[in-house]
Amino acid sequence: MIRYIFTKLWQSALTLVLASVVVFIGVRALPGDPALAMAGEEASPEQLAAIRSQLGLDQSIPAQYFAFVGKMLHGDLGNSTRTGTAVRDLIGTTLPVTLWLSVYAIVVAVLVGILFGVIAERFRGRWPEWLTNGFALIGLSVPNFWLGILAILYLAVTLGWFPASGYVDVIANPLRGLYYLTLPALILGTSLAAVIMRQTRASMIETMSTDYVRTAKAKGLGGGRVLFRYGLRNSLIVVVTIVGLQLGGLISGAVVTERIFALPGFGKLTLDAVFTRDYPVIQAVVLIITLSYIVINLAVDVLYSVVNPRIRVGGNN
Amino acid sequence: MAITVVDPRINVDGAGLGSGRGRIWKSLRGNPLGMAGGIMLAVVVLVAVFAPLIAPYGPAEVHFATPFQKPGTVGFLLGTDDLGRDIFSRMVFGVRASLEVGALCVLLSVLIGTPLGLLAGYWKWLDAIVSRLTDVTLAFPFLIIAVGLAAISGPSLTNAAVALGIAHIPTMIRVVRGETLRIKESDFVLGAKTMDASGVRIIFQHVMPNAASAIIVQATVIMPVAVIGEALLSFLGLGIQPPTPSLGIMLSDAQQYIFRSPTAAIFPGIGIALICLAFNLFGDALRDAFDPTNTSRK
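So the sequences go chain by chain: A and B. Take any residue in the first sequence, count from 1 to its spot, add 124: that is its number in this note's numbering. Take any residue in the second sequence, count from 1 to its spot, add 676: that is its number in this note's numbering.
Excised from the complex, chain A in its bound form (with noise of 0.2 Å):
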């Protein structure tokens, strides 16, 4: 277990500083050169080379990269070129938007994904597990940023049950801003409860029809005891797999979402920066986005041999 663990450490930190040198390098192959950008085009080549040496340009590409590392691991993600605002700045404000979207998204994603998975196992053959696999098959051939659009049409525009756009802080004001997070957090969430509930159906069946569940029922429990101590503990190990591997699917889907629904967070940033050519916005952004992605997909890992036993037996021994 231990040494699971500290196996798929050692593999990340792997992966997080190749990731680094790949974003430092996409840096460099920007086109334009950040000096010139920063002093204009009359500027002399004296005043460029003060610039070039101020931004640590004249040094060689390792040196640039260790100064890089370094900036990033203080947090200096330096300013936007565009407003001049720091970088952290930006990211403070934008960030906690998109979390409290994430997170409600997977926990409602979560929920209906299981329910409609059990249901469709309990009722198999019968018009719940049709009604259920249809739901699933609609959530992954239709994409959230359509369903987005028209949810925004009926049920915020024509029924009026929810705000069509906007955020407000859900720490100041937690009902008032859960509330106008439910729209865009069901939308996000549609794919990831199609995944889940599909994944759920197939390992209730086969848990089900395992030779302890009947022993367990042939006992004498409760057909809710079995579903809950054998059948939903078993499906608990798919879900926590799922969430890890759709969670690039969950950014994106977040970034869209955002911008449907005129979201100011981390999403609305990373674009407003690609189309103004924001290159530290882009850099922090996308740092800040595969660093995270690292350590999530490292917690799934962990979580998932701390709940399957299998894999932290057989693991790397």
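Don't take every hint at face value.
[As the list claims (entries may be wrong)] Have a look at the derived ranges for each label pair, beta carbon to beta carbon: (1) A/S333 - B/F744: 18 to 28 Å; (2) B/P747 - A/N257: 42 to 52 Å; (3) B/L950 - A/L235: 27 to 37 Å; (4) A/R246 - B/K702: 43 to 53 Å; (5) B/K702 - A/P388: 48 to 58 Å; (6) B/P938 - A/L235: 22 to 32 Å; (7) B/P747 - A/P388: 27 to 37 Å; (8) A/Y278 - B/L722: 26 to 36 Å; (9) A/A296 - B/I828: 20 to 30 Å; (10) B/L866 - A/V426: 31 to 41 Å.
[Stated by the list, open to error] Partial pick of chain B residues on the chain A-facing surface, computed with a CB cut under 10 Å: (11) P728; (12) G905; (13) L927; (14) Q931.
If you are wondering where the hints come from, they were derived from the structure by calculation, not from laboratory data. Note that the structure is a prediction, hence the values are computed from the model and not measured. Every residue gets a Cβ at the ideal spot worked out from N, C-alpha and C, and that includes glycine.
Keeping the supplied structure of chain A fixed, place chain B upon it in accordance with the hints.
The following block gives chain B in isolation, referenced to the frame of chain A:
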């Protein structure tokens, strides 16, 4: 060279495809949903190929006199958008763009993923290197790859396809690697080894043909994801650039005037959903058909 006398039947026996095509076709035919998916797919491909013949107008042809026409208006089957462009014509060309990006993405992931997966599965020392590379690629969500590419060389159809392709290479590598690990242990490969066949020869002559079904199934899994990915990137402005039509761009345009003309936002979405549904249904059926252990369908 002694190797040339390897009995071709050895390969067929180990294939798992058995008497191959007949059984697959039979399984497909017995699966009405899969057949429906296949037919939808054929229609989608025909629409994409013959787009200029099917569309009554050019995709960027503007009719300023008749904006926001309702579906069913004479001359405009699905109505017109804010510039009076025919929505049906734009969708037909949009389907073409979707499939172009999807096909490019699948091609990229197969061309790069298959050899890497085969090598990593066959030689253990290469496995560690390839696994690290896939981990690094997986550390970047596809949208971030697309953001990076758009920042470096500007948004375009090619960039969207490349970003999607790169994002799908790791899964392809893992699928092919897994298949290779399995096939490597089978009797006909061991047989070939005892006959002194070289590693490269075993990989390409014995392992690759037997991994083909898994690669094809994975391609049908990637395709709908790529189609949605293209729409998503174009919707965000990171993919295909106007005036070239894309279902994603049509959706993002339609959101601007959604209260005036909601149908302009509804049809492109239905288009994307139908393409993906077709691929998902057909892909599921194909997976069932390739799976020799599957007995649920007669």
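These are the hints, each one checked on the structure:
{"no.": "1", "hint": "A/S333 - B/F744: 18 to 28 Å", "in the structure": "56 Å, violated"}
{"no.": "2", "hint": "B/P747 - A/N257: 42 to 52 Å", "in the structure": "30 Å, violated"}
{"no.": "3", "hint": "B/L950 - A/L235: 27 to 37 Å", "in the structure": "29 Å, holds"}
{"no.": "4", "hint": "A/R246 - B/K702: 43 to 53 Å", "in the structure": "33 Å, violated"}
{"no.": "5", "hint": "B/K702 - A/P388: 48 to 58 Å", "in the structure": "56 Å, holds"}
{"no.": "6", "hint": "B/P938 - A/L235: 22 to 32 Å", "in the structure": "31 Å, holds"}
{"no.": "7", "hint": "B/P747 - A/P388: 27 to 37 Å", "in the structure": "36 Å, holds"}
{"no.": "8", "hint": "A/Y278 - B/L722: 26 to 36 Å", "in the structure": "33 Å, holds"}
{"no.": "9", "hint": "A/A296 - B/I828: 20 to 30 Å", "in the structure": "39 Å, violated"}
{"no.": "10", "hint": "B/L866 - A/V426: 31 to 41 Å", "in the structure": "38 Å, holds"}
{"no.": "11", "hint": "P728", "in the structure": "26 Å, violated"}
{"no.": "12", "hint": "G905", "in the structure": "8 Å, holds"}
{"no.": "13", "hint": "L927", "in the structure": "6 Å, holds"}
{"no.": "14", "hint": "Q931", "in the structure": "6 Å, holds"}
Hint compliance for this structure: hints 1, 2, 4, 9, 11 are broken, all remaining hints hold.
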